[in-house]
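Novice: Note that the protein sequences, when read in sequence, are chains B and Y.
First residue of the first sequence? That's 11 in my numbering, and the numbers climb one at a time after it.
First residue of the second sequence? That's 121 in my numbering, and the numbers climb one at a time after it.
Because the hints were derived from the structure by calculation, they are not lab data.
Hints may be right or wrong, so weigh each one.
Derived SDA-like pairs: lysine to any residue, alpha-carbon spacing no greater than 25 angstroms straight-line [said to hold, decoys possible]: (1) B:LYS192 <-> Y:PRO356; (2) B:LYS389 <-> B:GLU366; (3) Y:LYS301 <-> B:GLU142; (4) Y:LYS133 <-> B:LYS58; (5) B:LYS180 <-> B:LYS192; (6) Y:LYS138 <-> B:SER279; (7) Y:LYS133 <-> B:ASP281; (8) B:LYS389 <-> B:ASN53; (9) B:LYS58 <-> B:GLU354; (10) B:LYS297 <-> Y:TYR318; (11) B:LYS249 <-> Y:ARG317; (12) Y:LYS127 <-> B:SER275; (13) B:LYS192 <-> Y:ARG156; (14) B:LYS192 <-> Y:PRO311; (15) B:LYS140 <-> Y:ASP376; (16) B:LYS192 <-> Y:GLN346; (17) B:LYS400 <-> B:LYS111; (18) Y:LYS133 <-> B:LEU29; (19) Y:LYS300 <-> B:SER279.
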Amino acid sequence: MSTLISSVKIIDKKSKHHLKVRNVLIAKGKIEYIGTDSPKASNLINGKGCILSQGLCDLQATYADPGLEHKEDLISGSEAAMAGGFTDVVLLPNTQPVIQKKNDIKYLTKGNAGSLVQIHPLGAISVDIKGEALTDMLDLSEAGAIAFSDGLTPLWNADLLLKSLQYIKKIDGLIINRPEDKWLALFGVINEGENSALLGMKGIPALAEELAVARDIDILAYTNGRLHLSNISTEGAVKLIKQAKKKGLNISCDVAAHQLVFDDSSVLSFDANYKVSPPFRTESDRKALIKGLQDGTIDAIVSSHQPHDQECKQLEFDLADFGIIGQQTVLSLLHNVAEVIGWEQIIDKLTYDAREIIGLPSIAIKEGEIANLMLFNPKEEWEYNLGSNKSKSQNSPLMGQTLVGKVKAVFNNNKQLIF
Amino acid sequence: MTQLSQKHLLGIKDITEKDIQLIFDTADTFKEVINRPIKKVPSLRDITIANVFFENSTRTRLSFELAEKRLSADVINFSASSSSVKKGETLLDTVNNILAMKVDMVVMRHASPGAPHFLSRHINANIINAGDGTHEHPTQALLDTYSIYQKYGNVAGLKVAIIGDILHSRVAISNIFALKKLGAEVMVCGPNTLLPRYIQSLGVKVELDVFKALQWCDVANVLRIQLERQQIKYFPSLREYSLYYGINLAMLQKLDKEITIMHPGPINRGVELSSDVADSNHAIILDQVENGVATRMAVLYLLASQKQ
Numbered sequence: 011m012s013t014l015i016s017s018v019k020i021i022d023k024k025s026k027h028h029l030k031v032r033n034v035l036i037a038k039g040k041i042e043y044i045g046t047d048s049p050k051a052s053n054l055i056n057g058k059g060c061i062l063s064q065g066l067c068d069l070q071a072t073y074a075d076p077g078l079e080h081k082e083d084l085i086s087g088s089e090a091a092m093a094g095g096f097t098d099v100v101l102l103p104n105t106q107p108v109i110q111k112k113n114d115i116k117y118l119t120k121g122n123a124g125s126l127v128q129i130h131p132l133g134a135i136s137v138d139i140k141g142e143a144l145t146d147m148l149d150l151s152e153a154g155a156i157a158f159s160d161g162l163t164p165l166w167n168a169d170l171l172l173k174s175l176q177y178i179k180k181i182d183g184l185i186i187n188r189p190e191d192k193w194l195a196l197f198g199v200i201n202e203g204e205n206s207a208l209l210g211m212k213g214i215p216a217l218a219e220e221l222a223v224a225r226d227i228d229i230l231a232y233t234n235g236r237l238h239l240s241n242i243s244t245e246g247a248v249k250l251i252k253q254a255k256k257k258g259l260n261i262s263c264d265v266a267a268h269q270l271v272f273d274d275s276s277v278l279s280f281d282a283n284y285k286v287s288p289p290f291r292t293e294s295d296r297k298a299l300i301k302g303l304q305d306g307t308i309d310a311i312v313s314s315h316q317p318h319d320q321e322c323k324q325l326e327f328d329l330a331d332f333g334i335i336g337q338q339t340v341l342s343l344l345h346n347v348a349e350v351i352g353w354e355q356i357i358d359k360l361t362y363d364a365r366e367i368i369g370l371p372s373i374a375i376k377e378g379e380i381a382n383l384m385l386f387n388p389k390e391e392w393e394y395n396l397g398s399n400k401s402k403s404q405n406s407p408l409m410g411q412t413l414v415g416k417v418k419a420v421f422n423n424n425k426q427l428i429f
Numbered sequence: 121m122t123q124l125s126q127k128h129l130l131g132i133k134d135i136t137e138k139d140i141q142l143i144f145d146t147a148d149t150f151k152e153v154i155n156r157p158i159k160k161v162p163s164l165r166d167i168t169i170a171n172v173f174f175e176n177s178t179r180t181r182l183s184f185e186l187a188e189k190r191l192s193a194d195v196i197n198f199s200a201s202s203s204s205v206k207k208g209e210t211l212l213d214t215v216n217n218i219l220a221m222k223v224d225m226v227v228m229r230h231a232s233p234g235a236p237h238f239l240s241r242h243i244n245a246n247i248i249n250a251g252d253g254t255h256e257h258p259t260q261a262l263l264d265t266y267s268i269y270q271k272y273g274n275v276a277g278l279k280v281a282i283i284g285d286i287l288h289s290r291v292a293i294s295n296i297f298a299l300k301k302l303g304a305e306v307m308v309c310g311p312n313t314l315l316p317r318y319i320q321s322l323g324v325k326v327e328l329d330v331f332k333a334l335q336w337c338d339v340a341n342v343l344r345i346q347l348e349r350q351q352i353k354y355f356p357s358l359r360e361y362s363l364y365y366g367i368n369l370a371m372l373q374k375l376d377k378e379i380t381i382m383h384p385g386p387i388n389r390g391v392e393l394s395s396d397v398a399d400s401n402h403a404i405i406l407d408q409v410e411n412g413v414a415t416r417m418a419v420l421y422l423l424a425s426q427k428q
């Protein structure tokens with residue numbers, strides 16, 4: 011079978027066809043032809059007005075599998091990923107049980123050979139994610155753990171962060187941490203600010219993140235390891251990371267797509283679908299995050315996909331769980347951000363830059379290369395509702411809305427899915 | 121204007137100055153009613169009201185129940201200790217079960233900020249917020265400002281200091297909104313750890329010295345230390361709190377003016393207020409209780425008449 015995508019704009023900074031409108035032929039899992047001719051194909055897609063890029067890479071998602079498969083399993087999660095344009099997904103280890111043995115890694119990767127979406131598990135840093143004792147990190151790495159993290163749980167124990175950075179140096183491994191000071195964030199549910207004063211809710215101060223970022227940077231300098239900070243949300247954190255990069259430290263960071271769109275005024279309705287961790291911050295933080303993307307301080311955009319059933323979300327705000335789903339809607343969500351910073355930069359942060367952090371190879375769009383691609387129409391409107399939602403969960407603030415920007419097809423591992 | 125602008129009373133933030141004035145005017149009528157030999161009127165006959173209390177309450181629940189009965193409503197009471205909440209039922213299920221029994225209004229107290237707002241998106245009955253965690257307690261603010269209004273004849277231009285645990289107080293937030301809407305100047309005073317960091321954004325002054333606050337104000341609304349709502353330590357000890365933030369008669373006598381002392385109750389005697397203040401002529405604490413019934417009757421009546 012072969013597929014010809016006609017008149018499509020290619021976005022791939024390392025391809026000679028970057029920003030050109032081309033016809034692209036894909037056959038047997040490879041890019042057979044790129045040019046202005048129209049070779050014969052069994053399948054035709056009109057790519058007019060669309061963008062063709064590498065398949066997206068999500069550095070941060072949870073699928074609740076194993077343990078809470080009613081929220082999401084590997085199959086439904088992969089479907090949400092494909093509908094969002096992702097072909098590579100890094101899964102956090104916060105499952106039940108925690109991903110901390112080589113069998114756990116094998117369970118998550120066993121389907122990769124036959125799947126369009128490739129799952130890349132993170133191994134836990136600490137046993138049972140308690141922040142006390144290190145897991146068998148070298149063994150986990152050999153089994154396929156792509157990097158190490160306690161995922162949603164910040165590493166509160168400074169010594170454990172230090173030891174893990176030192177220990178993993180043998181294999182030039184990467185530690186990923188969610189920076190948040192446990193004590194300053196304790197019992198907090200929204201950003202500490204004017205809105206927390208207004209709503210009488212316990213706030214999580216920006217200081218909780220910035221103190222942890224500063225601590226992590228100092229520990230990184232001490233160990234000279236490789237550290238990635240995930241889910242940055244404050245202006246101060248962006249500043250600290252920018253300085254650390256200037257000093258030449260081996261540090262990178264990401265931001266959740268929803269942090270680029272929402273601020274803490276969204277919680278005024280007490281809708282738990284706006285309850286995320288870190289919380290939505292102020293408008294000034296949101297702008298600083300976008301600026302951080304533009305100036306290269308923030309390396310990647312992640313979905314921070316976190317499925318929850320209605321029993322965990324249709325609740326009083328303070329009792330509801332943190333987190334929202336978002337893999338399927340990342341590009342639609344960023345529609346307005348793209349008007350400010352352009353699709354090129356957004357796609358970079360979801361492809362080349364994301365893959366570089368975790369050491370996955372990036373394959374440029376050129377003839378003869380493997381087809382790991384995503385086709386996206388930035389102007390197409392679609393209804394995001396229970397019918398079109400691919401996740402098993404529905405905890406998205408976008409549910410029920412008409413979104414702009416739709417993924418039309420994904421290609422990878424000699425497979426294709428056309429929507 | 122003879123109608124409230126809102127279907128529910130979720131918070132003072134959502135209502136207008138005119139709404140508050142309408143509630144005051146209506147409360148005047150009901151205050152006269154409850155001082156008659158026959159204290160009952162038939163205004164809410166055929167209206168069924170559920171008092172749904174997920175948190176302990178004595179005076180607010182009694183005050184609401186009395187207000188409802190004086191208006192001839194049918195009243196059912198539900199409290200968490202005798203409920204299925206402990207069996208793991210969700211708020212929505214619990215309330216829907218109650219509503220299936222054809223209830224017209226729900227008076228709810230809940231430990232979670234925004235719980236009545238959450239409920240208002242899912243049910244049809246009128247909802248009165250009787251306190252949602254550390255967010256709002258609108259009827260308390262109405263009765264407090266009504267008590268000030270009764271004593272001074274107006275609220276605009278008065279200086280009101282709210283003293284104590286502001287961080288854990290729904291009374292403080294609702295009072296700030298009500299007082300500001302009515303044109304009063306508001307100050308909050310307490311240990312810095314018990315003041316929300318961004319409280320000034322609500323348009324209030326902040327003072328850490330209780331004597332200076334008393335010197336500034338015409339009315340001091342003294343709040344309870346909410347030990348039950350403090351999940352972590354905010355000050356060293358009750359002893360130290362009472363030494364530095366407690367108000368006693370000697371302090372009031374040092375002032376060059378008479379000020380009014382209010383307290384939403386229950387008082388921790390000897391902690392935030394000494395007995396010689398609580399029982400003095402400065403205090404209008406029991407007037408607040410009486411006005412509580414009248415203002416709640418006003419709110420219930422106005423919401424119910426809107427429904428009819």
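Novice: With a cut-off of 25 angstroms on the C-alpha distance, tell me whether LYS249 (chain B) and ARG317 (chain Y) pass.
Specialist: Holds, at roughly 23 angstroms.
Novice: Starting from LYS300 (chain Y), check that the Cα of SER279 (chain B) is at most 25 angstroms away, please.
Specialist: Measuring from Cα to Cα gives roughly 22 angstroms; hence the hint holds.
Novice: Does the structure keep LYS133 (chain Y) and ASP281 (chain B) at a Cα separation of 25 angstroms or less?
Specialist: The given pair, whose Cα atoms are some 18 angstroms apart, holds under the 25 angstroms limit.
Novice: Given the hinted pair LYS192 (chain B) and GLN346 (chain Y), is their alpha-carbon gap at most 25 angstroms?
Specialist: Answer holds: LYS192 (chain B) to GLN346 (chain Y) is near 24 angstroms, not above 25 angstroms.
Novice: Taken at face value, is the distance from the CA of LYS111 (chain B) to the CA of LYS400 (chain B) at most 25 angstroms?
Specialist: Not OK: LYS400 (chain B) and LYS111 (chain B) at ~29 angstroms, beyond 25 angstroms, violated.
Novice: If you draw a straight line from the CA of LYS133 (chain Y) to the CA of LYS58 (chain B), is it 25 angstroms or shorter?
Specialist: 51 angstroms, violated
Novice: Under the criterion that the straight-line Cα-Cα distance not exceed 25 angstroms, is the pair LYS58 (chain B), GLU354 (chain B) satisfied?
Specialist: Holds, because 17 angstroms separates the two Cα atoms, which is no more than 25 angstroms.
Novice: Within a Cα-Cα threshold of 25 angstroms, do LYS127 (chain Y) and SER275 (chain B) meet the stated pairing?
Specialist: Status holds; Cα separation ~23 angstroms.
Novice: CA of LYS138 (chain Y) to CA of SER279 (chain B), is that 25 angstroms or under?
Specialist: Within the cut-off at roughly 24 angstroms; holds.
Novice: Take a quick look at whether LYS180 (chain B) and LYS192 (chain B) sit within 25 angstroms of each other, Cα to Cα.
Specialist: 30 angstroms, violated
Novice: Run the distance test for LYS192 (chain B) versus PRO356 (chain Y): straight-line Cα separation, threshold 25 angstroms.
Specialist: OK: LYS192 (chain B) and PRO356 (chain Y) at ~22 angstroms, within 25 angstroms.
Novice: Holds or violated: LYS192 (chain B) with ARG156 (chain Y), Cα cutoff 25 angstroms?
Specialist: Given pair LYS192 (chain B), ARG156 (chain Y) is violated - Cα atoms ~58 angstroms apart, limit 25 angstroms.
Checked against the numbered hints listed earlier, the structure breaks hints 2, 3, 4, 5, 13, 15, 17 and 18; every other hint is satisfied.
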